[in-house]
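Engineer: Sequence:
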Amino acid sequence: MEDEHMLDLDQEEGGVPTLNLDANSDLCEELMKRYGKSGAIQHRHLCASASAMRIVLKEEGLPLTPLSYFAATISAIDDTISSFSSSSENSSSSFDSKATSSLTSFLSILLPLIPSELLPSSKANDAVTVLVSLLKIPKVAQSPATIRSVIKSLGFLLKLCDFEDWNFAKSVFEMILEFSIDKRPKVRKCAQICVEEIYKSVQCTNVVNVASELFYSRMFYKYLSFAIAIAWSKVEITKDSELAGELMLMESVHMLSVLKIIVLYLSNDVLSKVMSQFHKVMGSKYSLLTRHNFAILEVILESLKVEEIVVPKSEIIIFALGNYVSPKETNPADTILSACVLLKKCIDKLYADADKRKIWVINLPLVFEPIAGVVGAGLSISGDAAGILKEVVNQHIDDGLKTSAVDETLPSDDDKLKSTPESKALQSVCDVIFMMRLTNSDGELNENILAVISNVFLKLGELSYFYLKDVVHKLAELLRVANGDTTRTKYQHLEECFGSAIIAMGPEKILTLLPVSFDEEELTSLNIWILPILKKYVVGSSLEYYMDHIIPLVEPLKQACKTVTKSRVRKKLQAAIRALWDLLPAFCRYPTDTHKKFKALAKLLLFFIKEEESMHENVCLAVQQLVNQNRSIVQSTEGLEDSSEHSTTCTINGSVAESRSVPSHYTKKVATRNIKALASRSVGLLQALTDVFFDSPLEKRKYLKEAIGCLASITEIIEVKKIFISLLEKIQSKSGTEISEESENQGGNMKVDEQEAQRCVIMEFASALVIGASEDLVDIIFDYITPALEDDGIVQYSAYCTLSKIFEEHSWFYSSRFDEMLSHLLGLKLPDDIMGLRSRFACLHTLFVYLLKSNSEETHAKAFLILNEIILALKDSKEDARKAAYDVLLKISCSLKSLSSPNLESPHAKLLNMISGYLSGASPSIMSGAVAALSLLIYNESDICASAPEVVPSVLALLKSKAKEVIKAVLGFVKVLVSSLQASDLQNLLPDIVQGILPWSSVSRSHFREKVTVILEILIRKCGATAVEIDVPEKYMKYFNTVKEQRRGKNSSDKGENVDVVENPDSSTAGRHKRGHGELSKTSQNETPAKKYKFDTPNRNNSHKASGKGTQFFQKSDRAQSPKKGRGPASTSKANQHKKGSFRGRQSAKS
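Residues in the sequence shown are numbered consecutively from 1, following the UniProt record's numbering.
Worth flagging that the hints you see were computed from the coordinates, not collected in a lab. Do not take every clue at face value.
[Stated by the list, open to error] Taking lysine-lysine and the DSS-like style, the derived pairs with C-alpha atoms no more than 27 Å apart in a straight line are:
#, residue 1, residue 2
1, Lys183, Lys222
2, Lys599, Lys676
3, Lys509, Lys566
4, Lys700, Lys721
5, Lys285, Lys356
6, Lys572, Lys418
7, Lys599, Lys571
Note that the coordinates shown come from a computational prediction; the quantities given were computed from them, not determined experimentally.
Modelling step: build the complete structure from the supplied sequences, incorporating the hints.
Structural biologist: Structure follows, in structure tokens:
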């Protein structure tokens, strides 16, 4: 086998190296440069052949170009053939195989270097003749390396030949086709590449036809019977077989490989003949041919010839694929899935051809059924098959199919179904669904099947009533078994599937199939279990149906409650009444007749508000839905285009079963008309809810407030103003009377607590009116709450909440009087309770973001006044106050980060620079507070280190400070930093971090040494001990080695630890070191030893959310000394000078 390894160079397919030379380069010289010093025998032979050709060219005075080398090489090969032919012995002993192999390899290297225009077809024909003669020599046919080189050369030369002389080309084609099914893999692969290039290069129609016929007769038809035998398991073979019969079988497999690569280049006539026979090699069981068959079909289905070739044979192909995926056969799962994909592609091609609509309709059930069988088979691929089936449903059950199946003009539902192929196809599909088993062999519900059924319901829409009645009853029976308990996981998918039926058919049709009724004599109810599901899934129904059919069901139940004596029965009746009442919000979810029936509904709502206290929450939810749905559509910038469709297009979103899209009939025009209808009756409803609001407890006021706000937003502004002013006058008059009575009866002692509570309720009510309030009403509300801002406790909290709502809804209010507003707020004393402080911070949050969005230096100086207060709160002695400060800081950061700025410095960068300003010139307490703020921001947004690279060095520089609380804060910052960053991001920071923290490893007080140890352990785990050790000074090497050894001992039981995983603060490290992440000092130098902080870390996946992260960041705190001697951060800028002065002023106020 010496020849086999002769030219194993740095090769492409075909066994030759790649050289990038031009047409005038000396190929021999280039080969000598590359392989001249190589000791490999194949390289020496190649260089020897090249040198021999060069000598010949120099002797004849020819240029050393690839074309000259080509002529010399072909002549040399021809001489070798002649010498072999003239030999008297004509035996292999007279043939130099090594020299021939090196010559053919040299030829395959130089041919791609010859421009095609320099090599005429006549010369190419001569060269092909020589190479074909060479392949006929027995010893050459036994050398795979030589064959590969020759075949590659033929592939290049044949593209230059004149194929008009087919007799010449035919023999060459036949020879290469024979090699393309050779048992030697490398030879076969090279020949197949050559075949593909040749068939691809043929342009002449006549040549395409004869070349295609050649493949059909010499390859496909010749091996068809063997392929059929393999496909239908009539024989057994192995890939390594040497028997002649079995070699023929394997060659039939290789034939299909060739067909796969040239199928697109065959003539239509031949391809049609191939496809007419192709189904015969597609057995129902897996064989060596299966993957080849599927690959060929995939290529054809994605080609432009599909309409001409595949469509006429589609029924046969679909039938064959359907048999393969049949559950009766135990075929490999991946091939079953491939067959499902091909089935979908087949039906997609039929669907795309408008002229083949009849064939498409007939084949739709034939595609649906086998894929549905895979979905229900409980295989590992059933989920993927369900996805394919849903795609088929979404694409093929279209409006045209549904329109052709049903005649909507007929009045009776029983007469609407047409007797058309489309209707029969839909019925067949739905029959398949009905026959599907909803449970697996172990009795568990099949989620994949339920998902498919849900999809069919939603796609059919109202037509589901005609085709899927039996499926609804089948689902209902399972739900009855569950007895309404769908909280268990296995019933959630069942409920969602039934919910899809409700969305598709509408509650009217569902309740026709499954009527809810009550037997007054027997005191029994029917199908009450369906009501909670209706509550979740009713959408796009009608208000009229609710008033005419649902409300009347309540009265007999109420009457029965009055007469029944058994408490158990009474509780069931009351639960049924409540379930019926709870349907009100559901029927207000995108109803179809809002503009027509809201007048009647408003009367019913007023009755509920005044007479049915238990209905107040449902009334509020109904009002909110009616207003918010329509208002969001009207106010949307895109809007929804008018549509002639009136079907409800809704989807179920996984675990959130109530997530739905807007029904298509809800256009901007419809929503505008609905809003007018709602506004025409809003005053009466608003007044009624207002009356109830002031007599309700806090829990009830929460939902009343939302409904009042919605109604106020669509009510005439003047009417809202009248209601509020009349309310104030009424309260003032009532208060005056009470004061007079109390003065007479109790010597002037007033019920202060009740009056404060009343003021809070008024402010709570006022905040609900803010959304749609006019400027003068906003001014009235502000004037009312202004005195309350100076009060204490709940009154002050309510005032701040209302002010925050004004800021949120009306930016003009604070922008037009900003200086006055800011001065007034900062002049107020800080709230003593945490609720008041948080509501105050909400107001400051809005003002701070507004300031940083501007580019004025003056506004930035004002922003420092707000930031001063937040930084001071970070050092407050009360834990709740610090948590509130952390939360507002995070919210500010998130708000600023979402803003895009065309300037070089974004608002978020301004915030970081402002906080960094506190790192110099301030008191230790304030510096530590600024470091704590930066720790929090980096913990939640680690990309800050990249966007603001100056932050980390500024903080690390503080490690040279002598203030204990500053060092504690910085070490906590470093710990957060190394925990949050990826190992790659830490590399550039390692020197500064390591050299900065190590001096504190010798200090035991305040647990500095322990903190440094933890940081080093994290660095070693992430970056590796070697990377960290490089930056460790010699004097600390002993301590570092101790840390390293301790860590090795701790992790000896965990050999597979990944050093590049970013530390999760929830990990065992945090638990092991209870003085955990981000431990920051809150004390000055003179105070008592501090308590230690530790993280209650949030989920890192949600770290981008601002809400509540400050609360989670630090759990324990120490006592902080009031920063009476604090100084503002040093800065040469005007803004920082202003900041320092204002900071001292705020400190004085704080003291």
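Engineer: Determine for every hint whether it applies to the structure shown.
Structural biologist: Hints and how they fare:
no., hint, verdict
1, Lys183 <-> Lys222, "17 Å, holds"
2, Lys599 <-> Lys676, "11 Å, holds"
3, Lys509 <-> Lys566, "34 Å, violated"
4, Lys700 <-> Lys721, "24 Å, holds"
5, Lys285 <-> Lys356, "30 Å, violated"
6, Lys572 <-> Lys418, "45 Å, violated"
7, Lys599 <-> Lys571, "34 Å, violated"
Consistency with the previously given hints fails for numbers 3, 5, 6, 7, ordered from lowest to highest.
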